[in-house]
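Please build the complete structure, drawing on both the sequences and the hints.
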Amino acid sequence: MTLTQLTLNLRKPSLVMSLVLGTLLALTGCKHEELDDFIQSVKGAADSDEQFCHSSSQPFNHALCSISQSQLSQAQAPLSLRLFWKSGQWQAGENQPQAAIVDQDKSHEPLYKFDTLIKDLPKDSELKFAANAGMYDGNFAPIGYTVIQGRQILSLNLKQGGGNFHLLPNGVLWWDKANHVHITESTQLDAMLKSGEAKPWYATQSGPMLVIDGHIHPKFNNDSTSKKIRNGVGVCDGSQIHFVTSREPVNFYQFARFFKEDLHCDNALFLDGGVASALYAPDVAAQEEKNMGVMVGLIETHPDSQHDQ
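When we follow numbering that gives the first Met the number 0, the leftmost residue of the sequence shown carries the number 0, and every step to the right adds one.
These are computed hints drawn from the structure, not numbers from a lab.
Since we're looking at a predicted model, the values are computed, not measured.
Some hints could be false.
[Unchecked claim] Using 30 Å as the maximum straight-line C-alpha spacing, the simulated DSS-like pairs for lysine-lysine come out as follows:
1. K289 with K227
2. K112 with K122
3. K289 with K122
4. K158 with K198
5. K226 with K127
6. K127 with K289
7. K227 with K259
8. K112 with K289
9. K259 with K226
10. K122 with K176
11. K259 with K176
12. K193 with K158
13. K193 with K218
14. K289 with K158
15. K289 with K226
16. K127 with K112
17. K112 with K226
So this is what it looks like as structure tokens:
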């Protein structure tokens with residue numbers, strides 16, 4: 000192990016403890032094989048407690064939550080990206096026939112807040128981070144294409160109009176049943192849906208697109224004085240999914256440039272801004288108490304968990 004590697008490992012408290020206890024076990028005559036098993040077990044515990052979100056002040060104050068495509072796609076992966084809207088919707092989709100889900104949607108209210116979502120999760124599921132997943136109407140219903148567990152809640156919105164959603168091109172964050180995540184411009188996705196090339200298991204439409212095929216949205220102006228708190232998502236470096244929430248007001252161009260130049264995202268999508276921008280991220284002590292429509296969250300499943308909801 001190099002000095003740099005040792006320094007990085009010592010930043011993890013669990014690994015520091017393993018080194019200290021491992022030394023003590025060695026001094027007490029513990030067998031080499033037993034010592035190796037002990038260190039690996041502690042290291043495994045540290046790895047399972049991975050930090051997904053970080054804060055930074057450059058190029059502007061922001062929180063960044065990330066998950067890799069490989070973490071989501073591996074067989075029997077404990078991590079999954081999901082959309083949430085109404086209480087019990089996820090469990091109904093997992094355990095009940097299609098008709099029951101439709102009825103449940105009509106009779107239940109939106110979750111509204113992160114703490115309600117957390118209470119609604121199954122006992123074996125932990126919310127690692129979450130954010131609002133796009134724009135909504137006065138009833139906290141989505142205004143764009145929305146798919147939850149393969150069932151379309153709202154059709155693709157290709158209409159002209161005002162506001163950020165219709166600052167075209169807009170786009171869709173979506174992933175299939177195998178958790179392969181994409182951000183696709185809306186008219187392009189329309190063609191993919193019609194041809195059967197795209198089969199979303201989850202999808203949320205918002206706008207505008209921030210980065211389109213490696214280019215910043217053509218209508219953004221670097222000198223714009225319209226600055227707000229903003230949050231968005233990018234599919235970056237071919238394998239990383241990055242959720243960004245600014246902690247200070249920025250304009251669209253600054254926000255998009257961060258996705259393109261700092262995170263190297265080929266495609267990125269604005270989710271919402273101002274009073275509607277919301278983040279839950281225990282790693283950076285963030286849990287905003289705002290009402291929302293659809294939320295996107297990273298779930299870690301603990302099959303052997305005995306904890307109460």
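Hint-by-hint comparison with the structure:
For a cut-off of 30 Å, the pair hint linking K289 to K227 stands: about 16 Å separates their Cα positions. Restraint check for K112 and K122: the C-alpha separation of about 19 Å stays at or below 30 Å, so the hint holds. A hinted pair counts as satisfied when its Cα atoms are at most 30 Å apart, and K289 with K122 qualifies at roughly 24 Å. Restraint check for K158 and K198: satisfied, since their Cα atoms lie roughly 22 Å apart, inside the 30 Å limit.
Annotation: proposed proximity of K226 to K127 holds, straight-line Cα distance about 29 Å (limit 30 Å). For a cut-off of 30 Å, the pair hint linking K127 to K289 stands: about 18 Å separates their Cα positions. Restraint check: the Cα-Cα separation between K227 and K259 comes to about 19 Å, which is no more than 30 Å; the hinted pair holds. Taking the CA atoms of K112 and K289, the gap is about 6 Å. The hint holds against a cut of 30 Å.
For the proposed pair K259 and K226, the alpha carbon gap of about 19 Å is at most 30 Å, so the pair holds. For the hint linking K122 to K176, the alpha-carbon distance of about 23 Å falls within 30 Å, and the restraint holds. The straight-line distance between the Cα atoms of K259 and K176 is roughly 27 Å, inside the 30 Å bound, and the hint therefore holds. Distance check on the hinted pair: K193 and K158 sit about 17 Å apart at the alpha-carbon level, within 30 Å; holds.
Proposed proximity of K193 and K218 is supported: the alpha carbons are some 28 Å apart, at most 30 Å. For the suggested pair K289 and K158, the alpha carbons sit about 28 Å apart, so the restraint of at most 30 Å is met. A C-alpha spacing of about 20 Å is found between K289 and K226, which places the hinted pair at or below 30 Å, so the restraint holds. At roughly 15 Å between alpha-carbon atoms, K127 and K112 fall within 30 Å of each other, so this suggested pair holds.
Distance restraint check for K112 and K226: the Cα-Cα separation of roughly 25 Å lies within the 30 Å cut-off, and the hinted pair is therefore satisfied.
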